[in-house]
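Please build the complex by placing chain B on the supplied structure of chain A, with the hints as guidance.
Those protein sequences? They're chains A and B, same order as listed.
Mapping to the working numbering: the first sequence position 102 is 102, numbers consecutive.
Position in the second sequence (first residue = 1) + 423 = the working numbering.
No lab work stands behind these hints: they were computed from the structure.
Please note that the accuracy of each hint is not assured.
As the list claims (entries may be wrong) - EDC-like cross-link-like pairs, simulated, lysine to aspartate or glutamate; straight-line CA separation at most 16 Å:
1. 53(A) to 73(A)
2. 125(A) to 101(A)
3. 216(A) to 327(A)
4. 237(A) to 150(A)
5. 550(B) to 185(A)
6. 358(A) to 282(A)
7. 421(A) to 618(B)
8. 391(A) to 682(B)
9. 125(A) to 383(A)
10. 310(A) to 162(A)
11. 421(A) to 487(B)
12. 421(A) to 479(B)
13. 421(A) to 215(A)
14. 319(A) to 32(A)
15. 53(A) to 32(A)
16. 218(A) to 416(A)
17. 421(A) to 682(B)
18. 345(A) to 327(A)
What the hints assert, rightly or not - One-sided and incomplete, this derived list gives chain B residues near chain A with beta-carbon spacing under 8 Å:
19. 468
20. 554
21. 557
22. 566
23. 568
24. 572
25. 575
26. 577
27. 658
28. 661
29. 666
30. 681
31. 682
32. 684
Ideal Cβ positions, reconstructed from N, Cα and C, are used throughout, including at glycine.
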Amino acid sequence: MRRSFALGAALLLAASLTGCTVGGGTDASGGEITFLTFETPNLPPSYWDSAIKRVTDKNPGLSVKKLVAPSTDRTGYAKQLLQSGQFPDVAIAVDSAGFAESGNLYAWTPEELKDFQFPGANPIKGGHHQLPANTQTIPPIYYNKKLFADAGITSAPSTWNELLAASEKLKAKGITPFTIGGGKEGFPSAMLLDGLVSVEVYGKTPDWLSQRRADKVKFADPAFQQAFGKFADLVAKGYLDKTQVSRDYSATEAAFLNGEGAMYPMGNWFAASADAKKPPFEIGVFNFPSEDGKLVVPAYTGGGIVVNAKSRNLDAARKFALAFQLDKQQIDASVKADGLFPAIKGYTPPADVGPVFKAGYELYKEAVAKNAVVNAFSWETADDGLLPGMKDKVYQAAQDVITGRRTVADACAFLDTEWAKAR
Amino acid sequence: MGRKPILPRVWHFASFGAPGVVIYLCFVMAPILISFGYSLTNHNPFSPPAEFVGLENYRLLFQDEQFLTALRVTTILTVIVVVVPNVLGLGVAVLLDRKGWLYNALRSVFFTPVILSSVVVSIIWTKLLDDRGPVNDALRALGVEHPPGWLSDPDLALYSVASIVCWQMLGFCVVVYLAGLQGVPAELLEAAEIDGAGPVRRFRAVTWPLLAPSLTINTVVLLISAFKTYDYVKVVTNGGPGSGTTATIAFDVLATGLDANHVGYASAMAMVMLVIVATLTTIVLRFLRRREVDL
Numbered sequence: 001m002r003r004s005f006a007l008g009a010a011l012l013l014a015a016s017l018t019g020c021t022v023g024g025g026t027d028a029s030g031g032e033i034t035f036l037t038f039e040t041p042n043l044p045p046s047y048w049d050s051a052i053k054r055v056t057d058k059n060p061g062l063s064v065k066k067l068v069a070p071s072t073d074r075t076g077y078a079k080q081l082l083q084s085g086q087f088p089d090v091a092i093a094v095d096s097a098g099f100a101e102s103g104n105l106y107a108w109t110p111e112e113l114k115d116f117q118f119p120g121a122n123p124i125k126g127g128h129h130q131l132p133a134n135t136q137t138i139p140p141i142y143y144n145k146k147l148f149a150d151a152g153i154t155s156a157p158s159t160w161n162e163l164l165a166a167s168e169k170l171k172a173k174g175i176t177p178f179t180i181g182g183g184k185e186g187f188p189s190a191m192l193l194d195g196l197v198s199v200e201v202y203g204k205t206p207d208w209l210s211q212r213r214a215d216k217v218k219f220a221d222p223a224f225q226q227a228f229g230k231f232a233d234l235v236a237k238g239y240l241d242k243t244q245v246s247r248d249y250s251a252t253e254a255a256f257l258n259g260e261g262a263m264y265p266m267g268n269w270f271a272a273s274a275d276a277k278k279p280p281f282e283i284g285v286f287n288f289p290s291e292d293g294k295l296v297v298p299a300y301t302g303g304g305i306v307v308n309a310k311s312r313n314l315d316a317a318r319k320f321a322l323a324f325q326l327d328k329q330q331i332d333a334s335v336k337a338d339g340l341f342p343a344i345k346g347y348t349p350p351a352d353v354g355p356v357f358k359a360g361y362e363l364y365k366e367a368v369a370k371n372a373v374v375n376a377f378s379w380e381t382a383d384d385g386l387l388p389g390m391k392d393k394v395y396q397a398a399q400d401v402i403t404g405r406r407t408v409a410d411a412c413a414f415l416d417t418e419w420a421k422a423r
Numbered sequence: 424m425g426r427k428p429i430l431p432r433v434w435h436f437a438s439f440g441a442p443g444v445v446i447y448l449c450f451v452m453a454p455i456l457i458s459f460g461y462s463l464t465n466h467n468p469f470s471p472p473a474e475f476v477g478l479e480n481y482r483l484l485f486q487d488e489q490f491l492t493a494l495r496v497t498t499i500l501t502v503i504v505v506v507v508p509n510v511l512g513l514g515v516a517v518l519l520d521r522k523g524w525l526y527n528a529l530r531s532v533f534f535t536p537v538i539l540s541s542v543v544v545s546i547i548w549t550k551l552l553d554d555r556g557p558v559n560d561a562l563r564a565l566g567v568e569h570p571p572g573w574l575s576d577p578d579l580a581l582y583s584v585a586s587i588v589c590w591q592m593l594g595f596c597v598v599v600y601l602a603g604l605q606g607v608p609a610e611l612l613e614a615a616e617i618d619g620a621g622p623v624r625r626f627r628a629v630t631w632p633l634l635a636p637s638l639t640i641n642t643v644v645l646l647i648s649a650f651k652t653y654d655y656v657k658v659v660t661n662g663g664p665g666s667g668t669t670a671t672i673a674f675d676v677l678a679t680g681l682d683a684n685h686v687g688y689a690s691a692m693a694m695v696m697l698v699i700v701a702t703l704t705t706i707v708l709r710f711l712r713r714r715e716v717d718l
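Looking at chain A on its own, in the form it has when it is part of the complex (with noise of 0.2 Å):
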């Protein structure tokens, strides 16, 4: 009695302690590999599953069971799961940075990336781990050519004066000038804050933020005050409402499609949308408009599979990642699904991809050609990119500014001193 009492107790504790212990790497079985995704109106459930299909038909040693990230944040998701030891094999979307330096993701050799248009995107401490699968304009200004006309706007802006003199005659019509969001996705109240950065001083020194790293500048220097302070006229003449805040992704993207707003600024994966809701009035997209007129496009390349460096089936875990980014008949989907420009040599978009996506994809095709591609501020996340938590000091010191709560100076100094803390 006392002896199975005793067994009892140890097999309780010991399955207790178990379920506490951290570490211990991958779940897959046998040749199984694990693979994060995650889902959002363009990305559904069904997309993931005809893409995971295709590439293990076409390679039948592979198997792969699908991981779902329970939020969009899949790189929150992705650190609790290493946390708890049980970090994919597989994901993608999921920001590399701190993975990386701890040595968690394989680091591709140039060998591997040869088919990738950029394959010295987002560098690690010179290594490449997230394959640069797909580029992102981020923001250009998609526009209601209804609204722009009603307004008597013959021309979409190309300086920032026209955009301003654009912003004016929709006020003076009774309509909001840009559509922006907020709410607990934080990113589309600062599309505006990014496009800004990203054109006025990337454009002018492209390795701002490398620089802000090495505290060579500051957020609360002349050149970022001065593009924040454009962003904080925009609110001041009232061209942003500021309730807007409140809402967030999908309730901004709806507003915009609904035509309430005649712009909006959002990642060139808004096309996909466009082209699938097809609202009452034609869309039009231009890129931001710099001061001068001069082309600068905000752009961040990445974005794809990384690979668990200590996957217990590396070696499928690779041959699944290239094959998912590189398949052909995966890509077209992905464009058509979410809008994204495949950063893949020799590539060309499936003809019957929507006006939006075309339009969008030509003004990148050009900024390409003309060597005129900048990163994307707050969206880069590399040796170049912010610190981690940062974004969101990012979000907030917008919405700080577009709510009345700090002055652009203050917001500034709010962002050196986050940044001091992130350190």
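This is chain B only, laid out in the frame that chain A set:
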């Protein structure tokens, strides 16, 4: 007849209590101790090994404007969430303490929000309080040209979040007070009535003192749940609008630990929160217990 051996009795009690004790130690005490250990280090999951920094995290914490703001936000939220559902819950319970199908139905109506997930409640209220949501549309229909930005106005957002928490917790308070009201002996009320006491006097002199245990339960439960509010803030405002308007300590702990990877510093925040909650709970319990009466 000799004395019964002590050992079997010890085993009897041990086998009865061991599972609970083991689970408590593993899932409550161990995480607290581990968290305290982390709070004395600069632990960052991405750059091991962690270094021992002593009380440095605690020193920095009390100079950290963001933490102090979170403390202020949490305090305001807690005061509202402890007071409002308690007061309204008592009023509603008194009104519903009658017989009849209507009152039974109303009890269910008030209790329904309690059984909903806080995330579901948050999503529903986010839609309702949106500038283009039904609440502001109704206000516009009533002629209010510029209805409030319930979730976007930095001066209002915290009160909106607090209202959502109050709305969900109201049903809990109603049920606890109703249980308390039904425990008040009818003969005491009748005796008071015979002595000439009116409804207000009867409530103040008889009912209210006997409801003291219900007040204690409600206050302690609301205090603890308000202090660790995370889910409502995460879903409704994500700590915004802007910096520090609705970010509670619990929200800050998660953001600092998971987003910024400063697990050591976040653990120090969590330990301070634990001490505050434990201290407040003890004080409130002692104070409220003193005024409880036995029949």
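Here's how the hints hold up against the structure:
1. 53(A) to 73(A): Given that 16 Å is the threshold and the Cα spacing comes to 25 Å, the pair is violated.
2. 125(A) to 101(A): holds, 7 Å
3. 216(A) to 327(A): violated, 43 Å
4. 237(A) to 150(A): Violated - the C-alpha atoms of residue 150(A) and residue 237(A) are around 20 Å apart, more than 16 Å.
5. 550(B) to 185(A): Holds - the C-alpha atoms of residue 185(A) and residue 550(B) are around 15 Å apart, at most 16 Å.
6. 358(A) to 282(A): Holds. Residue 358(A) to residue 282(A) sits at ~13 Å (cutoff 16 Å).
7. 421(A) to 618(B): Roughly 68 Å separates the two Cα atoms, so the pair is violated.
8. 391(A) to 682(B): holds, 9 Å
9. 125(A) to 383(A): holds, 7 Å
10. 310(A) to 162(A): violated, 53 Å
11. 421(A) to 487(B): holds, 9 Å
12. 421(A) to 479(B): Distance ~14 Å between residue 421(A) and residue 479(B) Cα, so the pair holds.
13. 421(A) to 215(A): Given that 16 Å is the threshold and the Cα spacing comes to 14 Å, the pair holds.
14. 319(A) to 32(A): Measuring from Cα to Cα gives roughly 12 Å; hence the hint holds.
15. 53(A) to 32(A): Cα-Cα ~14 Å, so holds.
16. 218(A) to 416(A): Distance ~7 Å between residue 218(A) and residue 416(A) Cα, so the pair holds.
17. 421(A) to 682(B): holds, 13 Å
18. 345(A) to 327(A): OK: residue 345(A) and residue 327(A) at ~12 Å, within 16 Å.
19. 468: Hint holds; residue 468(B) Cβ to chain A Cβ min 6 Å, cut 8 Å.
20. 554: With Cβ-Cβ at 4 Å, under 8 Å, it holds.
21. 557: At about 14 Å, which exceeds the 8 Å cut-off, the nearest Cβ of chain A leaves the hint on residue 557(B) violated.
22. 566: violated, 18 Å
23. 568: violated, 13 Å
24. 572: holds, 4 Å
25. 575: holds, 4 Å
26. 577: holds, 5 Å
27. 658: With a closest approach of 6 Å, the residue 658(B) hint holds.
28. 661: holds, 4 Å
29. 666: Since the shortest Cβ distance to chain A is 4 Å, the answer is holds.
30. 681: holds, 5 Å
31. 682: holds, 4 Å
32. 684: holds, 5 Å
In summary, the numbered hints that this structure violates are 1, 3, 4, 7, 10, 21, 22 and 23.
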